[in-house]
Amino acid sequence: MTLKGLISASERTSWLLVSPLVLILAFFLVLPILTIVVVSFWNYNEFTFFPDFIFDNYAYLLTSQVTLSTYLKTLKFMVLTWIFCTAIGFTVAYFLAFHVRSLGAQVALFLLCTIPFWTSNIIRMISWIPFLGRNGLANSALISMGVIDEPLEWLLFSDFAVVLAFVHLYVLFMVVPVFNTMMRIDKSLIEAARDAGANGFQILTNVVIPLSKPGIMIGSIFIVTLVMGDFITVRFMSGGQSASVGRVISNEIALLQYPSAAASAVVLLCTVLLMIAVMLRFVDIRKEL
Amino acid sequence: MTTESELELVSLTKRYGDTLAVDAIDHRFPAGTYSCLLGPSGCGKSSTLRMIAGHETVSQGDIVLGSANITDLPPAKRGTAMMFQSYALFPHLSTADNVAFSLKMRGVAKAERLAKARELLALVDMADYAGRLPDQLSGGQQQRVALARALITSPSILLLDEPLSALDPFLRLRMRLELKRLQRELGISFIHVTHSQDEALALADGIIVMNAGRIEQAGTPQQVFDAPETEFVARFIGGHNVLQAEGGTIAVRADRIAIARESAAAHLEAVVRDVEYLGTTVNIALNAGNAGDITATLPDSIFFQQPIEIGETVFLSWNAADAHRLAA
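Here the protein sequences come in this chain order: A and B. If you're matching positions, the first sequence starts at 1 in my numbering and goes up one per residue. If you're matching positions, the second sequence starts at 1 in my numbering and goes up one per residue.
Bear in mind the hints are in silico, worked out from the structure with no lab data behind them. Do not take every clue at face value.
What the hints assert, rightly or not - Computed from the model, here is a short list of chain A residues facing chain B with C-beta under 10 angstroms:
| id | residue |
| --- | --- |
| 1 | Asp149 |
| 2 | Asp186 |
| 3 | Asn199 |
| 4 | Leu204 |
| 5 | Asn206 |
| 6 | Val207 |
| 7 | Gly240 |
These numbers come from a predicted model, not from an experiment. Think of the CB as a built atom: it goes at the ideal place given N, C-alpha and C, for glycine as much as any other residue.
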C-alpha cells in the first residue's frame with residue numbers, strides 16, 4: 001500500500017516536471033499543425049472559407065501538373081544548394097578544425113564567419129541585386145576586363161541568382177555542425193592514420209569524412225528544411241519568374257484560399273519529414289545531440 | 001621483414017621555440033631488446049619516442065636504424081610502428097578493418113588484407129572479436145587490437161607510448177606479462193615510454209632514465225636499481241635513501257640498511273617515526289637528525305623477531321659496498 005503510494009507520488013513528480021515542455025509543445029507545435037490539418041479539409045469560395053469535410057483541396061493538389069513541376073523546381077534548388085553548401089561548408093570547417101592550430105585563432109575565425117549573419121536575410125539577399133544586375137558591379141567589372149562584350153543576363157533574376165542567394169544564406173548551417181563534429185575527432189587518429197602510411201587524401205576519405213558524417217547530416221537537415229520551406233528568396237532572386245512550393249502556398253494565402261494553402265502545407269510537411277526520415281536511416285546522429 | 005637492426009640516436013635534439021625538450025641525447029638500442037624510456041612527465045621521453053616514430057620533427061641530430069638514416073623519413077617508411085597512449089582506434093571501423101588499415105592504404109586487396117588481419121588478431125587472442133567496433137571492446141581488448149594494428153606492417157621496432165597507463169591495476173599486470181611475451185616471440189625491439197618504475201624494472205632489458213631532456217642513466221634494470229649514478233635516479237627509481245656522507249652524497253637501498261639497538265659500528269643514530277606493515281616486508285620511517293629522513297625495509301620475519309616501537313632510538317649500519325656515491 002505504502003509502496004504503491006510512493007510510486008504514484010514519484011510518477012506525479014515526473015508528470016509535473018515534463019508538463020511545462022508538454023504544454024509549450026502542445027500549444028506552439030501540435031495545436032497549429034492540427035489547425036492546418038483541419039482547415040485543409042474545409043471548403044472555400046471567392047469571398048470566404050467555411051467548415052466542411054471535403055477532399056477537393058488534396059485531389060486538386062495531387063493531380064495538378066503545376067504541383068509536380070513546382071516540386072521538381074524546388075527539389076532542384078534544394079539539391080544544388082545542398083551540393084554547394086556541403087562542399088563549401090566542409091572545406092571551411094576542415095580548414096578551421098585541422099589547419100588553424102591555436103584555439104584562439106579558431107574561435108576568432110569562426111566568429112568572423114558568423115558576422116554576415118548579424119543582418120537580416122532580406123538585406124543580405126537584396127544586396128546582391130546591385131552587384132548582379134544588368135549594369136551591376138559584376139557585369140561592369142567583367143566588361144572592363146574584356147572578358148565579355150555584352151552584360152550577362154543570367155546573373156540576376158535567374159535560377160543562378162536563387163541558388164547563389166540560398167548558398168550565401170544557409171552555408172553557415174553546414175559549417176557549424178560539421179566544425180563541431182570535426183573538433184571532436186581525436187587528433188591522435190590522424191597521427192595513427194599517418195603512422196599506417198595514409199597520405200593526406202587517404203586520411204580525408206578514410207578518417208575525416210566518415211567521422212564527420214553526423215555533422216554533415218545535421219547540416220543537410222537544416223538546409224533541406226530551410227530551402228524546401230522558403231518563399232521569399234525565390235521570389236526576390238528570380239524576379240518572380242520561378243515557382244517554388246513555398247511561393248505557391250504564399251500566393252494561395254494572398255488569394256485568401258486558406259484551405260487550399262493548408263493542404264499544400266500538409267503535403268509539404270509530409271514530404272520534408274519523409275526526406276529527413278530517409279536521411280536519418282543512413283547516419284546515426286544521436287550521439288551528436 | 002623483421003631484420004635484426006639496432007637503433008641509434010645521435011645527439012638527438014628537440015626544441016619547441018626557446019624550450020629545449022630533448023637535449024642532444026645519444027643512445028644505442030640493441031636489436032631485439034625491450035627498452036624502457038623512464039622519467040617524470042615533461043622529461044622529454046615522449047618527445048624522443050615521437051621523434052623516433054616520425055610524428056615530431058627533429059631539431060638537430062640523427063636517428064639511424066640499421067644502416068639507414070631515418071631522421072627525415074615519413075612515419076610509415078621507417079620500419080617503426082607506434083601504439084598510441086589512448087590506442088587511437090578508428091571508431092567507425094570494425095576491429096578487423098582497424099588492423100587491416102595500413103594494408104588498405106597500400107592498396108592490398110580486401111580478402112588478402114582481412115586474412116592477414118585475422119592472423120594478427122589471433123596472435124593477440126582477439127580472433128573472436130573481428131567484427132566488433134572499438135566502442136564494444138574493453139580497455140584491455142582495445143589495447144590488443146591496437147597492438148595487432150601496429151604489428152601488421154611487420155615493423156622492426158614497436159614504439160609504445162605509455163601503453164599501460166589507461167588500464168586498471170589488475171589488467172596492467174596481465175598486459176605487462178603479455179607485452180614481454182610478445183616481444184620475446186616476435187624478436188623485434190620494443191621501445192616503451194613509461195613513468196612507472198615497476199613497469200620499467202619488470203619489462204625492460206635496458207632502462208633509460210631521463211630528466212629535463214637528458215639521459216640521467218642507462219643500463220640494465222639491475223644496474224639502474226642497484227647502483228644509481230645520480231641523486232635524481234636514486235630518488236626516482238625508489239627504494240633508496242639519499243644521504244650526505246663525508247666526501248659527497250651517497251645512495252643506500254632501504255633493504256640494505258640494518259637496524260640495531262646497540263651503537264656498535266653504526267653509521268647513524270635515528271628515531272623511529274612510523275612503522276608500516278606491507279605483508280612480506282615492513283617499512284620503518286626514521287628521523288636521523290641532520291642526515292634527514294630515512295626509510296629502512298626489513299623482511300617481516302626479521303622484524304617480528306624483535307619488533308621495533310615508534311619513538312625508539314635505533315642505530316643504522318650498512319656495508320660499504322652498498323653505499324653508492326652519486327654524481328653531483
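Exercise. Does the structure break any of the earlier hints, and which numbers would those be?
Worked result: The structure conflicts with hints 1, 4, 7, although it agrees with all the remaining ones.
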